[in-house]
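Make the complex out of the two chains shown on their own, each in a separate frame, by following the hints.
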Amino acid sequence: MTAELAAHGLDAADFAAPVEAQEAADTLLALSVAAADGCRSLEFAVPDAYCAACITTIEDALTPLPQVRSARVNLTSRRVRVTFRSGQGSVLDLPRAIRASGYRTHVLDPAADGSRDPALAELIRAMAVAGFAAANIMLFSVSVWAGADAPTRNLFHWVSALIALPAIAYAGRPFFRSAAAALRAGRTNMDVPIAIGVTLATGLSLYETITSGEHAYFDASTMLLFFLLVGRTLDHLTQRRARSALSDLARLLPRRATLVDPDGSLRQVAIDEIVAGSRLLVRPGERVPVDCRITEGEGTIDTALVNGESTPSRVGPGTQLAAGTINLSSSLRVEAVRPATESFLARMTELMHAAEHTRTRYRRIADRASALYAPAVHLTAFVTFLGWMLLGAGWHTALTNAVAVLIITCPCALGLAVPMVQATAAGRLFRNGIMMRDGAALERAAAVTDVVFDKTGTLTRGAPALDEQPLDPAVLRIAASLAAHSTHALARGLAAAAYGVVPLDGPVVEYAGQGVEAVIASGTWRLGSRAFCGLPAEDAGSAGSRVYLARDGHLVAEFTLRDGLRDDASSAIRRLEEDRLRVAILSGDAPAAVAAVATELNVADFAARQSPADKLGRLAAIDGAGRKAMMVGDGINDAPALRGAYASMAPSSASDIGRGAADFVFTNERLESVPFTIELAHRAHRLVLENFGIAIAYNAIALPLAVTGQVTPFIAAIAMSGSSFLVVANAMRLNLGRDLVARRAASRVDGASR
Amino acid sequence: MSGLLVLIPIALLLGLGALATFLWALRSGQYEDLKGAGERILQDDPQDHARR
Chain C
-16 MTAELAAHGL DAADFAAPVE AQEAADTLLA LSVAAADGCR SLEFAVPDAY
34 CAACITTIED ALTPLPQVRS ARVNLTSRRV RVTFRSGQGS VLDLPRAIRA
84 SGYRTHVLDP AADGSRDPAL AELIRAMAVA GFAAANIMLF SVSVWAGADA
134 PTRNLFHWVS ALIALPAIAY AGRPFFRSAA AALRAGRTNM DVPIAIGVTL
184 ATGLSLYETI TSGEHAYFDA STMLLFFLLV GRTLDHLTQR RARSALSDLA
234 RLLPRRATLV DPDGSLRQVA IDEIVAGSRL LVRPGERVPV DCRITEGEGT
284 IDTALVNGES TPSRVGPGTQ LAAGTINLSS SLRVEAVRPA TESFLARMTE
334 LMHAAEHTRT RYRRIADRAS ALYAPAVHLT AFVTFLGWML LGAGWHTALT
384 NAVAVLIITC PCALGLAVPM VQATAAGRLF RNGIMMRDGA ALERAAAVTD
434 VVFDKTGTLT RGAPALDEQP LDPAVLRIAA SLAAHSTHAL ARGLAAAAYG
484 VVPLDGPVVE YAGQGVEAVI ASGTWRLGSR AFCGLPAEDA GSAGSRVYLA
534 RDGHLVAEFT LRDGLRDDAS SAIRRLEEDR LRVAILSGDA PAAVAAVATE
584 LNVADFAARQ SPADKLGRLA AIDGAGRKAM MVGDGINDAP ALRGAYASMA
634 PSSASDIGRG AADFVFTNER LESVPFTIEL AHRAHRLVLE NFGIAIAYNA
684 IALPLAVTGQ VTPFIAAIAM SGSSFLVVAN AMRLNLGRDL VARRAASRVD
734 GASR
Chain Z
3 MSGLLVLIPI ALLLGLGALA TFLWALRSGQ YEDLKGAGER ILQDDPQDHA
53 RR
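Line order of the protein sequences matches chains C and Z. Heads up: the first sequence at position 229 corresponds to 212 in the numbering used here, and the numbers run straight through without jumps. Heads up: the second sequence at position 16 corresponds to 18 in the numbering used here, and the numbers run straight through without jumps.
No lab work stands behind these hints, which were simulated from the structure alone. Keep in mind that the hints are not guaranteed to be accurate.
Facing chain Z, according to a computed beta carbon distance under 8 Å, are these residues of chain C, among others [stated by the list, open to error]:
hint	residue
1	35
2	39
3	57
4	58
5	108
6	112
7	115
8	119
Each residue gets a CB set at the ideal place from its N, CA and C atoms; glycine is no exception.
The following block holds chain Z by itself, in its conformation from the complex (with noise of 0.2 Å):
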C-alpha cells in the first residue's frame, strides 16, 4: 500500500510530463512540416557548407 503512494504519482506525474511535452511540442510548430524535418537532415550544416 504504501508503495502505491509513491509510485501513482510518479506515475502521473511521468504521464503528466509526456502531455505536456507534447502540447509544447504542438505549440511550438514541431509538427509543422514533418516531410520538410525529415528532408532536412540530407543537408548540408552551413559551416560545411562554406569549407567547400
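Extracted from the complex, chain C is given alone in its bound form (with noise of 0.2 Å):
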C-alpha cells in the first residue's frame, strides 16, 4: 500500500521536473552527513521497493560503484542508506544507479526527516523498564495476596521498592516534565494527577515498607506508568507514522536558478541571491524560481498547483509568471520581479500562518476532559482525607485512602483510551491508503459537517488522460511507446492509455518542449505538438491538450486529452450527502470549467476564480454559521484554505506546500477516501465516548471502596488491568467494517519505472 502512495504521491510533481537538475552535485553533498573513517553518508527514498528482489537490486547497483562503501535498503520505510568516499567519482552516480536499476529515486534531507525522534526513543525505553518493573513486582504481590507471613512480606516489600523506585524515576519522567511545565505555567494537564498520584503511591508504599506495613502499592504504581507509556507511545507513533510518510513525499524545491550575467554568461546560484531585476534564464521543464516577468520568448506555462487552471496556459514577453509555476515548452529568459521571499510562495505561506488559528483554537478531547478530571479527583482525595480525619481515623489511615482514591481514579481510561482509538483509526486509514497527521486531526474531521471541494487536481485527476475516441489499437500503442520516453506530462497521460508500451527497436531522441523522435524499422515516429510533426500551426485554442503522431513527415493521428473527473468523484459526493454533509466546490478556474463539472457532479453550490482569499473568506462565513467545513484541495492556491479550514484533505499529488497543509493526505487516489475519513472519524468518536464511559462506570464501582477504605492493592490491581483491557478491546473494534479497496493504477507505475 504504501508503493501506491510512492508511486502516486511521486510521480506527478516529481517527473514534470528533470529530477537530474534538481541535484546539483553540491546540492547532495550539502544533504550528506558524516559518517565514520571519513565518509559520508546519504539517504534515498525508494518508493517502489517492497520485496527481497528488490533489496537486491538496489544494493547490487550501488555496491560495485568505487565510491560506496556500504548501501543498505530499509524496506520498512523504503529507504536506502548510502555511504561513500566523497573523494571518489561524483556522488551525482549514487541516484543514477538507483534509477538504471529501474527504481525512482530522490534524495532525503536529514533535516526535515521525521523518522529520527530522540521523544520516541525515550518513550519506548521508559515503557521496557517500567514494564519488567511491574511484571517483577507483579510477582512478589501475587504472592504477598496469596497469605504470605510477615517476615516474607516484609523481604517482598523491599525487593519491591529497590526495583520500583529507581524505575518510577526514570520511566515516570515524561509525566514528571510535562507536569511540572504545566505548573510553572499555572495550568493542569492529564500529568498532573498522574505524577502526583504516582508519587503520593509510591512515597506511601515505602513509608508501609519501612514501618512494615500491609499494604504496599508499588504494582499499582508501576502497572499505571506502564499503560500510560503504552497511550503515549501509541499516540507518538501515529504522529510519526503520517510525518515521515510525508518527509519521503516532500520533492526538492528548487533551490538554484540560473542566474545570466550582463556578458550574457550563465551561472547557477542560489535563489536566495535572486534579488528585483536579476535576469534568469527558465530551461523546459524547470519550475520558475521566483515571481518574474518574460523579457524573451514564449510558451507554454503549466500554472495548475498555482491557479488550478488546468489546461496550460501560453506566455510571451511581458507576461507575469507566479513562482512555483512550471515552464512547459521552450526556455524563456525572465527578470525577477520580486526576490524569493516576496514571492507567491511567501505570501501563500504568510496567509497560511493567518488562518492558523482555528487549529490552535482546538483543544484535544483529551485534555478538555482532563481539564474537568483533574480537579474532581483531587478533591474526592481531599474530601476523603479531610472525612477520615474528622472521623478520627488517625492520619495514616486517611492518608492511605486518600492515596488508593488517586491510584484508583487515575486516568488510565484517558491515558489509554483515546490514543488507543486513534492508533487504531490511523493504522485503519493507513491500510486504505489515507494518511493522518495527528489525533487531533481525527477529532476534528468528526465535527465537520460542510466538505468544500477544490477542482482541478481534487474533483479531477490532475492529470490529462486521453479522451474517449476511436483509435486504432497498433497506433495507440506505438503512439504510447514513444510517450514513455518523456517526462511530460501529456506524454504521461497518453502513454498510461495503452495497455502495455512495446520496446521501440531504434534511438529514440525526446526534444525538450517538443516531443519524441524514434527512427525504428518501420519508420520516423514523431510524437509531439503541431510544429513538431511539421503541420502548419493551429489555432492557439487548443493550446496544450493536443499531441500529433506522424510517421516520415505524414499526419497519423492526433489525440485529445482533458482532465477528467476522477472515477469516483460522483460516488464519494453522493455518498457524503447521503451522511447530511453540505458539499460545496470552490475553483480558481474558470466558470465554464467550473459549472461543466458541478453540473456532472450535481453540485448545486459552486463558486469559480476564487482566489485563496475568497476561499478564506468562504470557510470563516461557514465557520460564523456555527458550521465546521473540511477543505479538500492540492494547490498552492488552495493552502491557506486548507490551514484555515476546520479540518482538511489533500490527495497525495497536491503540491508540496498543500500537503504539508493538510490534516489528512490520500495516497490511494480515491475521492470516496473523504467520505471514509469523516465516517471513520465519527466512528472513532463514538468509541473515545464510549470508552469514557467504561472509565466512569469502573470510578462509579470502584471509587466508593476507594473511599470508605475498602480498597487494597489487590483490589487496584484487578480494577485498573480489567478497565485497561476493556478499552483497548473496545478501541479494537474500529478495525471492524468494509475497507475502501485499493485499486492499482498499474500503468502510472510502468509510466515511471522504465
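This is the structure in C-alpha cells:
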C-alpha cells in the first residue's frame, strides 16, 4: 500500500521537472552527513521497493560503484542508506545507479526527516523499564496477596521497593517533566494527577515498607506508568508514521536558478541570491524559481498547482509568472520582479499562518476531559482525607485511603483509551491509503458538517488523460511507446492510456518542449506538437491538450487529452450527501469549466475564479454560521484554505505546501477517501465516548470502595488492568467494517519505472 | 525461605537480562527494518551468488 502511496505521490510533481537538474552534486553533498572513517552518508527514498528482489537489485546496483562503501535498503521505510567516500567519483552516480536499476528515487533531507525521533526512543525505553518493573513486582505482589507471612511480606516489599524506585524515577520522567511544565505555567494537564498519584502512592508504599506495614502499592504505581506509557507511545507512533511518510513525499524544491550575467554568460545561483531585476533563464521542464516577467521567449506554462487552471497557458514577453509554475515548452529569459522571500509562495505561507487560529483554538478531547477530571479527582481525594480525619481514624488511615482514591481514579482510561482509538484509526486509514497527521485531526474531522472541494487535481485527476475516441490500437500502442520516453504531462497521460508499451528497436530522442522522435524499422516516428510533426500552426485555443503522431512527416493520428473527473467523484459526493454533509465546489478555474464539473456531479453550490483569500472568506462564513467545514484541495492556492478550514484533506499529488497544510493526505487516488475518513472519524469519536463511559462506570464502582477504605492493592490491580483491557478491546472494534478497496493504477507505475 | 534467597536474585537477574537485551536490540537498530529482515532471508548468500 505504501508502494501505491509513493507511486502516486511522487510522480505527478517529480516527473514534471527533470530530476537530474534538481540534484546538483553540491546539493547532494550538502545533504549528506558525516559517517565513520571520513565517509559521508546519504539517504534516498526508494518508494517502489517492496520485496527481497528489490533489496538485492538496488544494493547490487550501488555496491560495485568505487565510491560506495556500503548500501543498505530499509524495506520498512522504503529508503536506502548509502555510505560513500566523498573524494572518489561523482556523488551524482548514486541516484543514477538507483534509477538505472529501475527504481525511482529522490534524496532525503536529513533536517526535514521525521524518522529520527529522540522523544520516541525515550518513550520506548521508559515503557520497557516500566513493563519490566511492573511484571516483576507483580510476581512478588501475587505471593503477598496469596498470604505470605509477615517476614516474607516485608522482604518482598523491600525487593519491590528496590525495583520500583529506580524504575519510577526513570520511566516517570515524561510525566513529571510535563506536569512540572504545566504547573509552572499555571495550568493543569493530564500529567498533573498522574504525577501526584504516582508520587504519593510510591511515597506511602515506601513508608509502609519501612514500618513493616501490610499494604504497598508498588505494583499499582508501576503498572499505571506502564499502561500510560503504552498510550503515550501509541500516540507518538501515530504522528511519526504520518510525518515520515509525508517527508518522503516532499520533493526537493528548486534551490538554485540559472542567472544570466550582463555579459550573457550563465551561472547557477542559490535562490536567495536573486534580487528584483535579476535576469534568469528558465529551461523547459524547470519550475519558475521566483515571481518574474518574461523578457524573451514564448511558450506554455503549467499553472495548475498555483491557480487551479487546468489547461497550460500560453505566455510571451511581458507576461508575469508566479513562482512554482512549470515551464513546459521552450527556454524563457525572465526578469525577477521580487526576491524569493516575497514570492507568491511566501505570500501563501503568510496567509496560512494568518489562517492558523482555528487549529490553535482547538483543544483535544483528552485535554478537555482532563480539565474537568483533574480537579474532581483531587477534590475527592482531599475530601476523603478530611472525612477520615474528622472520623478520627488517624492521619495514616486517612492518607492511605486518599492515596487509594488517587490510584483508583488515575486517568488510565483517558491515558490509554483516546490514543488507543486514534492509533487504531490511524492504522486503519493507513491501510486504506490515507495518512493522518495527528489525533486532533481525527477529532476535528468527526465534527465536520460541510465539505468544500477544489476542482483541479481534487475532483479531477489533475493529470490529463486520453479522451474517449475511436483509435486504432496499434497506432495507440506505438504512440504510447513513444510517449513513455517523455516526462511531459501529456505524454504520460498518453502512455498510461495503452495497455502496456512495446520496446522500440531504434534510437529514441526527446526534444524538450517539442516531442519525441524514434527511428525504427517502420519509419521515422514523431510524437509531439503540431510544429514538431511538420504541420502548419493552428488556432491557439487548444494549446497543450492535443498531441500529434506523424510517420516520415505525414500525420497518422491526433490525440485529445483532457483532465477528467476522478472515477469515483460522483459516488463520493453522493455518499457525503447521504451522510447529511453539505457539499460545495470552490475553484480558481474559469466559470464554464467549474459549472460543467458541478453539473456533472450534481452539486448546486459552486463558485469559480476564487482567489485564496476568497476561499478563506467562504470558510470563515461557514464557521460564522456555526458549521464546521472540511476543505479538500491540492494546489498552492488552496494551502491557506486547507490550513484555515476546521479539517482538511489533500491528495498525495498535491503541491508540497498543500500536503503540508492538510490534516489528511490520501495516496490511494480515490475521492471516496473523504467520506471514508469522515465516517471513520465519527466511529472513532463514538468509541472515545464509549471508552469514557467505561472509565466512568468503573470509577462509579471503584471510587466508593476507595473512599470507604475497602480498596487493597489487590483490588486496585484487578480494577486497573480490567478497565484498561476493556478500553483496548473496545478500541479494536474500529477495525471492523468495510475497507476502501485500493485500486492499483498499474499503468502509472510502469510509465515511471522504465 | 533460604530457597527464596537464591531464587529471587536469579529471577530478577533473568528479568534484568531480558530488559538489557531489549534495550540493546533497540539501540543497535534491530527494530529499524522489521519487514526487510523478513525478506532478506529469501536472499542468496553472497558466495552462492558468485558460484552461479
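Going through the earlier hints one by one, which of them does the structure break, listed in rising order?
Of the numbered hints, all hold.
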